[in-house]
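Each chain, letter by letter, is given below.
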Amino acid sequence: MENNDVLVVGSGISGIASALELANAGVSVYLIEKEAVVGGHSASFCCKATDICAKCSACVVYDKIKEAVTHPRIKLLTNATVRRLDGELGNFHVEIVQQPRYIDEERCIACGLCTGVCPADPKAIYPPFAEAAPFSYILDEGLCVRFKGEQCDLCQRTCPTKAIEFELKSKERELSVDAVIVATGFDVFDARKKGSLGYGRYPNVLTGLDLEQVFTRESYLRLPTNGNEPKNIAFIQCVGSRDEDHEYCSQVCCKYAMKLAGLIKYQNPDTQVTIFYIDLQTTGKGFAQFYEKYKESIRFVRGVPVEILQTVSGELEVRFEDISQGKVCRDTFDLVVLSVGISPGKNSWDLARILGINLADDGFFDVKDSFSPNETNVDGILVAGTCQGPKDIPDSVAHGIAAASKTIQRLIEFASQR
Amino acid sequence: MIIAERKPMAEIRQMIAPYKKLLLAGCATCVAVCWAGGEKEVGILASQLRLAQSKGRKKISVLEATVERQCEKEMVEELRDKVQEADAVLSLACGSGIQTMAEMFEDKPVFPAVNTTFIGMPEREGLWVEMCGACGDCFLDRTGGICPVVRCAKGLLNGPCGGTRKGGKCEIDPEKDCAWVLIYRRLEKQDRLDLMRQYYTPKNFRAVKRPGRIQSVKA
Amino acid sequence: MNKCIVAFCCEHSAYPAADLAGKLRLHYPESLRIIRVPCAGRVDVIHILKAFENGAVAVLVLGCEDGACHHITGNTRAKERVEYCNMLLKEIEADGSPVAMFNLSPNEPHKFVRAVNEITKRIKEPGR
Amino acid sequence: MKNKVGVFFCDCGGAINNIDFDAAVKKVAKFPGVTCVNLSSNLCLEEGEEKMLSCIKEENINRVVVAACSPDFKEHFFRQVLESAGLNGHLFSMANIREQGSWAHDGDITVKAVELIKMAVNRARLLQPVKKKKFPVNKDVLVVGGGFAAINAALQLSRVGLRTTLLEGEAVLGSETAELGGLCGFDIGSMVSEVEGDENIEILTSAEVRATAGKIGDFTVRIRKGGEEISHKYGAVVLATGYQTKLALESELKSDINIVSQEKLCRMLEDPNLEIRPRTIGFMFDFSDENSRLSTLATLNNALAARQKWDSEIYVFCKSVKVDSPRAEKLYREARDCGVVFLKCEARPRITADNGRVKIEAKDVFLGEDTILACDLLVAEELLLPSEGTEALSSLLNIRRDSRGFYQDENVHLYPVASEKKGIFFVGGCRGDLDLSRVLTDVPSVVASVYELLSSGNILAEVERVKADPQKCVACLTCIRVCPHDAIQLVRTDNSKEVAGISDLACDACGVCAAICPAKAIIFQGYRDEEILAQIETIGES
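Residue numbers (the numbering used here), protein chains in the order written: chain B, 1 to 418; chain C, 1 to 219; chain F, 1 to 128; chain H, 1 to 542.
In case anyone wonders, no lab produced these hints; they're calculated from the structure.
Hints are supplied without guarantee of correctness; some may be wrong.
Cross-link-like lysine-lysine pairs, in silico, DSSO-like; alpha carbons within 27 Å at most [claimed, not checked]:
id : chain 1 : residue 1 : chain 2 : residue 2
1  : H       : Lys57     : H       : Lys131
2  : H       : Lys134    : B       : Lys75
3  : H       : Lys30     : F       : Lys3
4  : C       : Lys7      : F       : Lys90
5  : C       : Lys7      : F       : Lys3
6  : C       : Lys108    : C       : Lys169
7  : H       : Lys497    : C       : Lys73
8  : H       : Lys246    : B       : Lys295
All values derive from a computational prediction rather than experimental measurement.
The whole structure should be built from the sequences, with the hints applied where relevant.
Printed below as a string of structure tokens:
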């Protein structure tokens, strides 16, 4: 495989899994990422272990990112997107547009001197989040006074490694590759679309993702409003899953909600936790046992609330139908977590058009048939991970590796035909 | 294999109380295998003693050494210089090793740091069970290779006592198997159950005259 | 005699967590000395005892979360050894010098700092 | 030759600003073994690299210490620099004065920095080189099992040019293709004939594994087929033995004619000349076992089929429908739309025989009242269990199983298809309740993993990174019993003494054995006791 090149679009966990598998098999990989740092959503998830591992796989992501960014056969291009693709299997020409990041990630040694001298407020040049890879500083055009027309080059002058270059324009480059793996991931469902649940209006209504980030940053949970420890928390499942617009189960919400609930219970057993659900997805390796462990201490209520109102005292009143009694009930909580689901990526449609691959009716990339999980309608273009449909981290990794494997198989087949 | 275990710290500290300079002598054979007296254990005990005295007690210094087999005079000989340096020896070998040491260096007090407990085998990592009582009159031909003398809590030679529990466990220790149930099953497999019918006269435990001594004619 | 705390850090979890703590400028006692190990299971009783012999006031063994060890059982063995160590220290009335095992994952810098502060609290001055 | 340590300071381009470097350099220069100390900025850039290379050559240094950022960040880079300078990459040690020094503490931390460097220097002095070598591996693969996953795996392995032996206990391939996996009515015949036609694939039916030995790249497997036992050599082993199902029924109810399994129902549906068609059918799942993903899919598929083919009334009793697999939610909606009734119950319904029919008494949470249903046919709940012989084979191969007895320990680092033992993989239902879509990603995953290992015919690995010193080893077997990767076995030395032999390929360098060895016989280069204690002792010295 030494003389093969493959392009992997998207550096979320499945993209990284694909890239690593290909690279370890000897393929040279271009891994392109539209953001400044790799990892996608999976990099922002917190460890949910209590006294034992909760099998959330967040640490696996950390390992794989580290492996990928240091792999000799993986060429990482950040701030990059695909503009054009032509050719066919064994001979694709891909045009990549790379937005300037103004800071050369090869040279940036994350010393932080630039941030020190930056006059803008808030600082226009700052480090990415701590786990980020590459750990190279980011210059925010929106904040930088220079981009507002002022004469300022303080950061450039202080940079000890001459890593900062303002004059950069967006770069275009042409890659020729044998195959393409699309791993552009998903968008988190925007809970604002469910207005009656009050996300964005009530500060104490959070999404699962918010909670993940709270635990990553502070590692304990506090009320956004007054900073007190929440005593009574509700999780609402299937927000943006299994409804008219989303005829699928997001597959991750029950798991992360229960694991976060478990973590909250572990940190303070007195905290009341209620989970409103339609059907509990307690399958998967080891998860049934996890559920058994918590099903007594966590209150499970069948049925999904339709409305949340904030009382004058700042508490949240959740209105839900208690189906066993067949009437609408009210219950107040001081924190409500919306278990938002996985939605197809906004840009999927554009990319589908550029690459000429099909979208399924639910908005995710379509595959050839139900027996080929990775192959698209275009020979040599494969899909990996959540851009093809909802998956949890282990399934995304598996799907990513599978895509790499199918690529290798196809390339070998192709070579033998020539 | 000889199985031993380390003595309680209090006992060891009491033995070595009068002495300033100690040699800890390990043995790399049986007691090493049963995690009682190998190089690792010597290191741990030595470190422990050093720490003990650093906690505001009198200053002692501790030497460490481990020989292949402490029950061999030639091998113990290697330690001569170190022994001369020390004013007492703390041996982590089995009883015979300790005595060899004591005999080699009669002018030095030699103390046991371990209790030699039995002849046995490892059941799994870190667990050892007694198999042989060294009675000197082996009986295993009649018991399907299972020794009732040590593996039966009562050392019965003629079948199980009345107290065997359900599932063939011993009445004295429900954790342990009844040796005679094991023997029965083994003989059953070999179709030699007739042996169970025989009566065996009480065993002559004086078969070996103490102290035991074997002169080989092979040499 | 100085008052060092020795922390044996698994290179898969605790060591990166410590790095993150640094990146985030989360402060912890300056007396901490980190020794990088390939797995908490590499840490031996003698290493811990020697640390005390060399004047450490406390020893931390930090490994992956229980059930997420890269070497399956390394961290559980480490825990057992830490308990054994505490027993050995008790034997010689040296239980003023604490040994503790904590489990964490590589993206948990706060948990790392908490572990260090926790052990610092447990240190008893000798003779008290 | 005496070891000469070169220390390279890096102030990280000024990021490390609370260290008095001149003072530090003076102190470090006095450390035993240190032959030269070098202060520079951005050591990890080209300019720094050149500086290091030249200095290593001039001073002919043979141990290198870099005092800068975290080894997690740059160790791999500096090791490469050493290699290009002709030094072994293992003769390198890092003092993390950035993350653990400058950044973790306020104020001047020169003292701590110097101590950290001393620890690194003392370790570096003792470091020994570790060579790398290509080990030849056997390129044949053994796939155990004859179901969908196994056949698929064999076909794809053959596609990447690896010869495969397909070992099936049954007399024919595909006979035990699991009905739950959404494969009902799937024609496995075409796949079977494809493997039979593939010259890369050897098929052994009614065969079983009797014994295994060896490590990754060189497994020896004794296989019994027919009367005789044959011994084969393989580079890797893939387990695809699937799962089995068991009807969960009250003891007094024996599975009589009108209580059937999903599989039986499938066959009834496919049977063209089935005279009596059940008018009402009850389905049950998700009461005794949470892992009912497959039961859900089977129920949805079969309920739909029965509705369309027989137009029967269908009632489904369950706690939760497990729709966490592709298309499951769509199927669920489809089923409801064409009149399949779902009753969600917290408690397991009571089932009694009622002259020829099956009476189901349940408390449905929606209606909130007791419902009694008499149906002609009950498709009983099915439990998912590891297939026959899972336990036996796992002990033969000495690999762990999960808490439900399936293959693969519940450790996230092993997912999707790895075992704790290199060269042994799992695929499909034998490692848990995987629906078709997940099996279909498992198979290529395992193929990629195997291809990565064996395709080149050899594996590059470190030689004797971890080794038992034959002089000290007392063959107590402790390490063999504790090794998490089963990398150690007894071997005979030249003077035919038995000692622990650690396989360079199978070893994952964790050091568990080195820590537990009662004879202190195991040498783990880079983490030997001497090297660890050298770091500890610096604390005392300071």
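Name the hints, by number, that the structure is in violation of. 5 and 6
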